[in-house]
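Work the whole structure out from these sequences, hints included.
Sequences listed follow chains Y, U and F, in order. Mapped onto the numbering used here, the consecutive letters of the first sequence carry residue numbers 1 to 565. Mapped onto the numbering used here, the consecutive letters of the second sequence carry residue numbers 1001 to 1135. Mapped onto the numbering used here, the consecutive letters of the third sequence carry residue numbers 2001 to 2486.
Keep in mind the hints are simulated off the structure, nothing from the lab. Predicted model, so just to flag it, every value in this text is computed and none were measured. A few of these clues could be false.
[Unchecked claim] Sample of chain Y residues lacking proximity to chain F, with all beta carbon distances greater than 12 Å (derived): (1) Val17; (2) Thr102; (3) Thr281.
[Unchecked claim] Mimicking PhoX-like on lysine-lysine, the simulated pairs with C-alpha atoms at most 20 Å apart in a straight line are: (4) Y:Lys486 - Y:Lys79; (5) U:Lys1134 - F:Lys2058; (6) F:Lys2058 - Y:Lys536; (7) F:Lys2251 - U:Lys1008; (8) Y:Lys84 - F:Lys2477; (9) F:Lys2477 - U:Lys1071; (10) Y:Lys222 - Y:Lys172; (11) F:Lys2005 - Y:Lys532; (12) Y:Lys536 - F:Lys2236; (13) U:Lys1072 - F:Lys2236; (14) Y:Lys261 - Y:Lys562; (15) Y:Lys172 - Y:Lys219; (16) Y:Lys84 - F:Lys2475; (17) F:Lys2005 - Y:Lys536; (18) F:Lys2477 - U:Lys1129.
Glycine included, every Cβ here is placed at the ideal spot set by N, Cα and C.
Spelled out, the chains give:
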Amino acid sequence: MELLIRNGFVFDPINGVNGEKMDIAVKDGKIVDKVNESRAKTIDATGMVVMPGGVDIHSHIAGGKVNAGRLLRPEDHFKDVERKTAVTRSGVGYSIPSTFTTGYRYARMGWTTVMDPAMPPLEAKHTHEELSDTPIIDKASYPLLGDWWFVLEYLRDGKIEECARHVAWMIKATKGYAIKVVNPGGLEAWGYGRNVESLDDPVPCFGITPREIIRGLCKVNKLLHLPHTIHLHTNNLGKPGNYLTALETMRCVEDLAENGKPVIHITHCQFCAFKGDDWRTFQSGAEEIANYVNAHSHVTLDMGQVIFTDTTTMTADGPFQYTLYTLTGNKWTNHDVETETSAGIVPFHYKRKSYVHATQWSIGLELALLIKDPWKIMMTTDHPNGGPFTAYPRIIAWLMSRKAREATLRKINPKARSRSLLPSISRELDFYEIAIVTRAGQAKALGLKNKGHLGVGADADIAIYNFNPETMDPAKNYRAVRRAFKRAAYTIKGGQVVVKDGEVLKHMDGATMWLDVQLCEPCEIELNENLKRRFKEYWTVEFENYPVSEDYLAVSHPIPVKADV
Amino acid sequence: MVEKHKLKVVLLTGRTIEQGVGKELGKITSEYAESVSVCYMDPEDMKKLDIKDGANVQVSTAFGSVVVKAKKSLRAPHPGVIYIPYGPWANVVVDPETHGIGMPTFKGVPATVEPAPDKPVLGLSELLKQQFGKG
Amino acid sequence: MPVVKAVSCPVCGSLCDDIELTIENGEVVKVKNGCAMCEAKFLSHRSEHRIRKPLIRKDGEFVETTLEEAIRRTAEILAEANYPVLYGWSNTSCEAISVGIELAEEVGGVIDNTAVVCHGPSLLSVQDMGIPSCTLGQIRHRADLIIYWGCDPWSAHPRHIERYTAFAEGRFEKSAWRGYMAKIRSLIGLKKIRSAAKRLVLKEPSEIEARLKPTFVPSIAREGRKLIVVDVRRTKTAEMADFFIQVEPGKDYELLQALRALVRDQELEVDHVAGVPVEYLEEVVDAMVSCDFGALFFGLGLTMGGAKLRNIDAALSLIRDLNMRTKFVIMPMRGHFNVTGANMVFTWQTGYPYAVDFSLGYPRYNPGETSVVDVLLRGESDAALVVASDPVSSFPRKAAEHLARNPLIYVGPHMDVTAQVADVVIPSAFVGIEAPGTAYRMDHVPIPLKKVVDPPEGVLPDEEILRRILSEVRKIKREKTKAEAA
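Listed below in structure tokens is the structure:
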């Protein structure tokens, strides 16, 4: 199957292509140099923007927590339904869409790769069952390892290499992609309804501190040569004053960086860029975070942008979700997972007229605009925590257009408006930078070699948007930008046209990527003996029933990684 | 509250280990039928009705009437409460009304119990024939 | 003789996965580690009550037929129906359930699972309030107080207590088994239990702190786990309890609200609530608020009678209140081994856990309207497919009556009560014995089911049968479209 996309304005930052008018050739699901023009199907992209398919580094789309959120909120679905068509399955939205709907909605916007960032290892099969039911897009998931008893014990005892071997086993066993750490130490403490307050607060019963966990897992990550850095949700998330924790967290791994490469990803940074002593004195800490990030190269971030809407918050951070429940008095689901992690869910409505919510909205955009290097900050909403991923076109408009920001600023809480840094920021991202923060930068941070670019050999995941940058200024026509990104003119996944004019043409499976971490010594047997011994003590399932077999993946895409241990 | 050997009670239905095992063995088996066509009663209540363990009793509610075997409850005392394991016999007398939430009332249905020495406890297929005309 | 280890037991929601089976000549001959229900299930898979050939009712009597014919007839019934119900799903794999939902969407029917007559009210209540819960291992490791309310695990989930709660060995909490045996031996009376409760009550915060070196150490060094049972009858489980509260039938709601008041330090101006002395309740509440980690399990005693979902509202509220004082979780005791999985797959594919109506082309959910018992009571369905469940033995007579009036298809391994009144019967393999798959434990942990022996010849797994029905339905619809076009 050959395909030729003609004459579009191509934005491919990884290959340094900035809006040049060119053709993109596709054969057998990959980008190629050229195709037989008479045989190839042709798409005329004249006057349109052509980009690699969107990549989302952090979006809760599958697994126990997401499904508990769906269960919790029938009222979220009633208002937003998807009818069955001749080619697509039915489903529901809104903030926690059903699996089929999730795949279709990403594809409609031109996104083709999505990472689910929080997989409880014990329930990994659930995550994979849902990912396999999420059509079109490629995906992967990060196992939650920061409060796993094995990690806590090995790191306490200074056994980095043993820890690395067990983490490698866990990543393979759960078919995971990266090391996810959430409120390190705090989740174990939450087992008894407690939390940790700082990087040096000892974890109850384990004699280890969050700082040691973060540093230890950073080292493990390096030993294993994982393509992504550790993916960290900081301590004290969602609390006023926590920008200091975020800064300290970034500082605490500074010395582990080599060759200017990132060693840590601070996720949904908006939620840990709060200044102030309490909610009354609450304000933005974005400038301080941005200053630090501008001066350092060992860290990447994603936004966690807030959208003014009714959404559903869900994180593995049990104590944070409990706090949110006590603040709102709303419905509250908690789900602690033995030996590993926790989770909480609370519905949440971000209101324009709330000082705190409006300030949060401002913080996300301030971070994205004040951090000078777009490769360091990625666009996310921490779906659905800041708002559903379907709001991406609005965020793109805010990033590209001061006018769009001002239009929203006019409608928000006056105190938040007067304190917001946004009026003082004139920066407007262009399509090249948008391509970085929505795909190229994310693919690079994830170490996805074949995603996020349109070079020869890359996966033919392509988005075409109906916006002519030659005749229209996105800063002025931000509504047209929004429309263009909401319904891609074409989405091509693996060389197949799956969306045209925002309509899904095809229901097909996407792949699930996972790391096949290969250890250098054949220590598997010894490793398993050790695991088995502790298994019965730690978990309530049998050792052999724990790992996720490849049968659970609709399309399995293992990525080999050679470790140093 | 005995009136002419008729006792007003509250009917509960539920799981018993015998029913649990019976259902796994297969519902055609006599083990299953015997495990669910019974009614566990408080011994004091049985005295009031002047019946012995294993006697046939007729349980009636606003929704139906069924003959089952009375059995002395090992979980007494629970005067005024009778217990029939889940199954086709219990279903004849439970309250189908869901009050708009999808769930009928399987526990706490007002009922009467009376001795039925002359009426048989129907077997499963006879019961199905009687209730549904099929089976 | 080959022994298969780590087999998951496809009976109840505890999904014990440590069963060892001995296989001889393609049959299970010995079961190790299982309870009575587990043994009965694994040993009965070859019983004479299996259905071996598809059956079709002709002139009121069953006659044997081919699988192709039975599937064709099934597809015709479903394709012709205006408003079919597809019911069951709790005793099969998630993989089969997934195909079932696709089939329901294709025929525009109502799909519902057995939660509707067990923990449906619990799900409704969770949708109102949320649920603070956890996996069972968390309870095994940490809970020093266990409450069973309106459920009798000894009868319905026989290994629940030994594997997950009071008698399990955890990291921070040890088994209460020895303490229980000692209690039985010396026949300790209420007095002794009172004094034990007093010891709990007298535990000062400073005393806890003294034990917290360097930071926090749980109650491992203190008294063992406590067990509280609330039921209308003195069940077998109740006999093991440190506190047994015999609640009057239908009065659970009052009792729960009274406990809430006590947890909030409010005085009750009555002597008894739901037949229980308030003094006794005060002792129980003292134990509840002074534990380090409490867990409340509730069963159908709360959902099937009295205030139904309002009972669960009150129970969830009690746990919310208790979380202001200490750590407390709550979990419904799910019955069928994969009823949780049915809720899961329904939810991720349609947004709703049960009672999903596809008649408008998208998932619609309104229990009381789209729930199967109500659809049947209103006499609206015009065909029914029952998979892996036995509604005629579990629905009230009036609902079962309409089901039996519908053209009724039964897919399952046993000649169940429903099979006996069906019009088409398709035998299927036992999932977890003769077919692999996935099931979800009551705490939402997915557990793989094994295939340990072959099904009888010609008998297929539910998943495969449903796939064939689905493709046959699509074929019939295509033929119909073609005929109409012509």
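Legend entry - Hints violated by the structure (listed by number, smallest first): 2, 6, 9, 12, 18
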